[in-house]
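Protein chains: 2
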Amino acid sequence: MRSLTKATHQDTREHNVRLVMRALAGLGPISRADIARRTDLTRTTVSDVVNQLAAAGLVQEIGRGPSSGGKAPILLQIPRDARQLIGVHVGEGQVRGAIVNLAGEISHREQLTLEGRDGDDALHRLEELLDRLLVVAAQPPLGVGIGTSGLVDTNAGTVRWAVHLDWRDLHLAARLRSRTGLPVYVANDSQAAALAEWTFGGHTPARGMIVIKVGNGIGAGIIIDDRLYQGDSSGAGEIGHVSVVANDVRCRCGRTGCLETIASLRAVDGRIQAVAHGPDERPEPSSNDPGALERSLDAYLTGDEQVRGIVIEAGRALGRMVGYLVGALDIHDIVLIGSMTAFGDPWLDAVRNEAQRSALPLLFDSTRIGLGRLGSDIVELGAAALLMTAELGLSQAA
Amino acid sequence: MRSLTKATHQDTREHNVRLVMRALAGLGPISRADIARRTDLTRTTVSDVVNQLAAAGLVQEIGRGPSSGGKAPILLQIPRDARQLIGVHVGEGQVRGAIVNLAGEISHREQLTLEGRDGDDALHRLEELLDRLLVVAAQPPLGVGIGTSGLVDTNAGTVRWAVHLDWRDLHLAARLRSRTGLPVYVANDSQAAALAEWTFGGHTPARGMIVIKVGNGIGAGIIIDDRLYQGDSSGAGEIGHVSVVANDVRCRCGRTGCLETIASLRAVDGRIQAVAHGPDERPEPSSNDPGALERSLDAYLTGDEQVRGIVIEAGRALGRMVGYLVGALDIHDIVLIGSMTAFGDPWLDAVRNEAQRSALPLLFDSTRIGLGRLGSDIVELGAAALLMTAELGLSQAA
Chain U
0 MRSLTKATHQ DTREHNVRLV MRALAGLGPI SRADIARRTD LTRTTVSDVV
50 NQLAAAGLVQ EIGRGPSSGG KAPILLQIPR DARQLIGVHV GEGQVRGAIV
100 NLAGEISHRE QLTLEGRDGD DALHRLEELL DRLLVVAAQP PLGVGIGTSG
150 LVDTNAGTVR WAVHLDWRDL HLAARLRSRT GLPVYVANDS QAAALAEWTF
200 GGHTPARGMI VIKVGNGIGA GIIIDDRLYQ GDSSGAGEIG HVSVVANDVR
250 CRCGRTGCLE TIASLRAVDG RIQAVAHGPD ERPEPSSNDP GALERSLDAY
300 LTGDEQVRGI VIEAGRALGR MVGYLVGALD IHDIVLIGSM TAFGDPWLDA
350 VRNEAQRSAL PLLFDSTRIG LGRLGSDIVE LGAAALLMTA ELGLSQAA
Chain C
0 MRSLTKATHQ DTREHNVRLV MRALAGLGPI SRADIARRTD LTRTTVSDVV
50 NQLAAAGLVQ EIGRGPSSGG KAPILLQIPR DARQLIGVHV GEGQVRGAIV
100 NLAGEISHRE QLTLEGRDGD DALHRLEELL DRLLVVAAQP PLGVGIGTSG
150 LVDTNAGTVR WAVHLDWRDL HLAARLRSRT GLPVYVANDS QAAALAEWTF
200 GGHTPARGMI VIKVGNGIGA GIIIDDRLYQ GDSSGAGEIG HVSVVANDVR
250 CRCGRTGCLE TIASLRAVDG RIQAVAHGPD ERPEPSSNDP GALERSLDAY
300 LTGDEQVRGI VIEAGRALGR MVGYLVGALD IHDIVLIGSM TAFGDPWLDA
350 VRNEAQRSAL PLLFDSTRIG LGRLGSDIVE LGAAALLMTA ELGLSQAA
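Sequences listed follow chains U and C, in order. Heads up: the first sequence begins at 0 in numbering that gives the first Met the number 0, then just goes up one per residue. Heads up: the second sequence begins at 0 in numbering that gives the first Met the number 0, then just goes up one per residue.
Hint data in this document are derived by calculation from the structure and do not stem from the laboratory. A virtual CB, placed ideally from N, CA and C, is assigned to each residue, including glycine. Be aware that a few hints might be false.
[Said to hold, decoys possible] Covered stretches of chain U (chain C as the covering partner; in silico rule of three or more C-beta atoms under 8 Å from a C-beta of chain C): (1) 104–111; (2) 149–160; (3) 215–229; (4) 234–246; (5) 318–330.
[Unchecked claim] Some, not all, of what chain U presents toward chain C, calculated at C-beta under 10 Å: (6) T179; (7) I209; (8) C257; (9) L296; (10) G369.
Build the full structure now, drawing on both the sequences and the hints.
In structure tokens:
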């Protein structure tokens with residue numbers, strides 16, 4: 000006997016709200032009648048939902064549209080600044096936060112370095128950042144979304160394990176909720192970034208998308224049927240630590256052969272440094288070395304063949320993993336983000352070619368591998384999208 | 000702007016029917032009041048749905064249960080023989096069909112060899128099989144479900160490509176629908192098998208499951224959030240043809256390095272034959288050689304170290320793929336089926352150990368890799384489950 004899914008009237012109501020909100024976000028300005036037509040909801044249901052949204056300040060009338068015979072219909076839209084969202088990225092080396100509106104526009108940013116802090120010290124830094132953002136917010140924001148590296152249980156709001164922060168089973172959402180009095184949601188940074196591309200990236204409509212973040216670490220966020228797919232324990236997309244390479248390079252997770260040991264910026268930087276200084280001379284690359292990208296790019300741009308080979312090999316290893324994902328999931332839209340994308344077309348071509356080589360041609364034919372469209376605020380935006388989705392019943396695709 | 004999901008009143012009704020049917024299937028015999036309690040539907044809605052199901056002969060009253068104070072409640076259940084389902088497996092070398100009831104019990108089987116037939120000849124054979132089954136069926140069955148190897152677009156009801164049948168863009172569902180006058184559904188055989196384990200396998204309740212079929216070919220069926228996940232073009236789970244091995248063995252898909260070239264029965268049989276006869280003497284293994292399993296098992300049971308190594312290596316290669324899937328999808332229940340499972344514990348241990356080695360420990364800790372619980376009728380049962388799900392609004396998990 001399996002447990003029953005709860006499908007309550009509440010669910011139906013939320014589903015209707017989400018449908019109307021998406022119509023407003025995607026098609027607005029739009030009339031009630033057109034919303035009903037596009038959503039297949041009755042006009043009565045649409046009117047009820049619109050009244051509910053209007054009472055919450057989430058919809059506004061902006062005048063009458065063209066008449067199609069009868070009385071000209073009143074057009075509705077979501078006031079993009081109706082709510083302020085706080086999106087935070089707990090990164091390697093710093094915590095960054097932004098005040099974001101419902102259209103994904105950032106009105107204010109804050110940033111604090113971690114300077115090697117971890118454990119409670121890092122947590123206090125995060126709390127300080129939040130305090131600063133809350134002071135700046137013009138009105139009480141809708142809540143707080145947080146994207147952090149590590150394994151995160153979004154349902155429970157806990158960070159199960161974030162190695163560079165030394166956080167283990169940290170009840171982050173509950174702790175920040177009691178501090179701020181606001182709803183707080185936490186997700187893995189790659190998953191948050193995927194939500195950002197999906198929600199605010201302006202990509203061609205699709206049912207799903209895989210967004211792969213390739214920086215010092217590697218992780219994917221998977222969108223399936225219009226929603227962030229997180230797996231049985233919120234660990235979906237942890238592709239950086241699957242063994243794909245027959246090398247004996249020790250990964251920061253303690254094992255060998257992980258994708259991160261060859262395809263991450265950290266790995267590429269380490270290998271390029273070894274070429275430049277010899278394997279014994281070079282400093283062990285630290286995971287939050289802010290100079291890694293610039294240094295690696297500089298070496299790459301000198302045109303050195305060995306350095307070029309390291310970057311291409313990194314792209315190929317990633318491409319193999321993309322091929323596995325396409326084969327397993329049959330999702331056609333693959334979006335690459337993160338610092339490694341700075342290596343440009345040669346790297347991207349290596350990813351594409353190897354992915355194509357390792358997936359079934361019939362599946363691969365309709366696959367598009369491209370770069371993300373958002374900037375360095377992507378995790379903050381994704382954290383805001385997570386909050387928006389959960390609190391407003393807005394679909395990730397709105 | 001994204002297209003809007005259609006969520007009509009029809010959808011809500013179907014959802015309610017599915018909820019009530021699942022309550023009946025999983026918890027029955029059960030009263031209307033208990034159904035309402037367990038589904039969070041109103042008692043009026045439950046009564047309406049039950050009346051609708053009763054009119055269709057899908058629910059029966061079986062007397063009164065114990066009273067909890069007031070009047071003793073009437074208990075309801077699904078009559079397991081209320082509908083006959085036809086499930087068909089288009090396999091390599093034969094087509095097999097079964098008449099199945101709503102509990103997954105088979106009352107009749109038919110089977111026809113293909114003997115090398117493909118194209119229209121194979122199709123005629125399938126039609127002949129269907130005719131035989133329809134003659135035997137006591138009443139017009141609910142419809143026909145078909146599981147076939149190859150890439151299948153379930154939504155369109157077409158076989159996009161089935162290499163051993165030489166079927167390309169075959170409108171199988173439409174063709175059989177017009178022949179039989181019945182609803183027809185088609186899925187890939189691995190996906191159908193996954194549905195069978197999920198629906199009738201009696202596994203511990205879970206949100207998702209990955210079922211991997213390891214026979215002459217290798218393919219997975221993925222259940223996510225209680226439903227068969229098929230991907231953007233119904234190709235999800237095509238893991239047999241992703242490049243994971245650095246060998247130059249030509250796969251039947253035309254490429255090299257595919258998982259099937261090392262982990263399938265066909266590959267294992269070929270390699271064992273090469274050990275026995277020398278690489279030049281051995282006949283090229285054919286994909287539907289019925290003696291492959293027995294021959295390979297016999298060689299394996301002699302205890303020959305080289306043969307044992309071939310089987311273990313096959314298990315390890317599969318285990319690596321399992322590790323990738325666990326890392327990417329974070330699904331905890333992995334079920335292995337197909338002829339390779341006959342190699343028993345040493346092979347299964349090789350799969351488990353390598354999967355564990357290649358996935359992040361924190362993710363892998365709660366992963367269970369086990370064997371399937373259904374017999375050789377699994378694809379027929381899965382095809383019947385596909386039909387049942389689609390036609391009755393029954394969840395795959397009912």
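TODO: Please count how many residues of the segment 104–111 of chain U have a CB within 8 Å of a CB from chain C and say whether that reaches 3.
DONE: Not satisfied, violated; 0 residues make the cut.
- [ ] With chain C as the partner, please determine if I209 of chain U meets the hint condition of a C-beta pair closer than 10 Å.
- [x] Because about 9 Å separates I209 of chain U from the closest Cβ in chain C, which is inside the 10 Å limit, the hint holds.
Open item on the list: So is the segment 234–246 of chain U in contact with chain C by the C-beta rule, three or more residues under 8 Å, or is the coverage claim wrong?
Closed with: holds (count 9)
Task: Coverage of the segment 149–160 of chain U by chain C, judged on three or more residues with CB within 8 Å - done: holds (count 3)
Open item on the list: Hint validation: C257 of chain U versus chain C, beta carbon distance must be below 10 Å. Holds or violated?
Closed with: holds, 9 Å
TODO: With a C-beta cutoff of 8 Å, work out whether three or more residues of the segment 215–229 of chain U approach chain C closely enough for the coverage to hold.
DONE: Coverage by chain C holds here, the residue count being 6 at a Cβ distance below 8 Å.
Open item on the list: Just to make sure I understand the rule, a stretch counts as covered if three or more of its residues have a C-beta closer than 8 Å to a C-beta of the chain. Does the segment 318–330 of chain U meet that for chain C?
Closed with: holds (count 10)
Task: chain C contact restraint on L296 of chain U - CB to CB distance below 10 Å - done: violated, 29 Å
Open item on the list: Min Cβ distance, T179 of chain U to chain C: is it shorter than 10 Å?
Closed with: violated, 29 Å
TODO: Against chain C, run the beta carbon of G369 of chain U and see if the smallest gap drops under 10 Å.
DONE: Status violated, d = 15 Å.
The structure fails to meet hints 1, 6, 9 and 10 from the earlier list, while all remaining hints are met.
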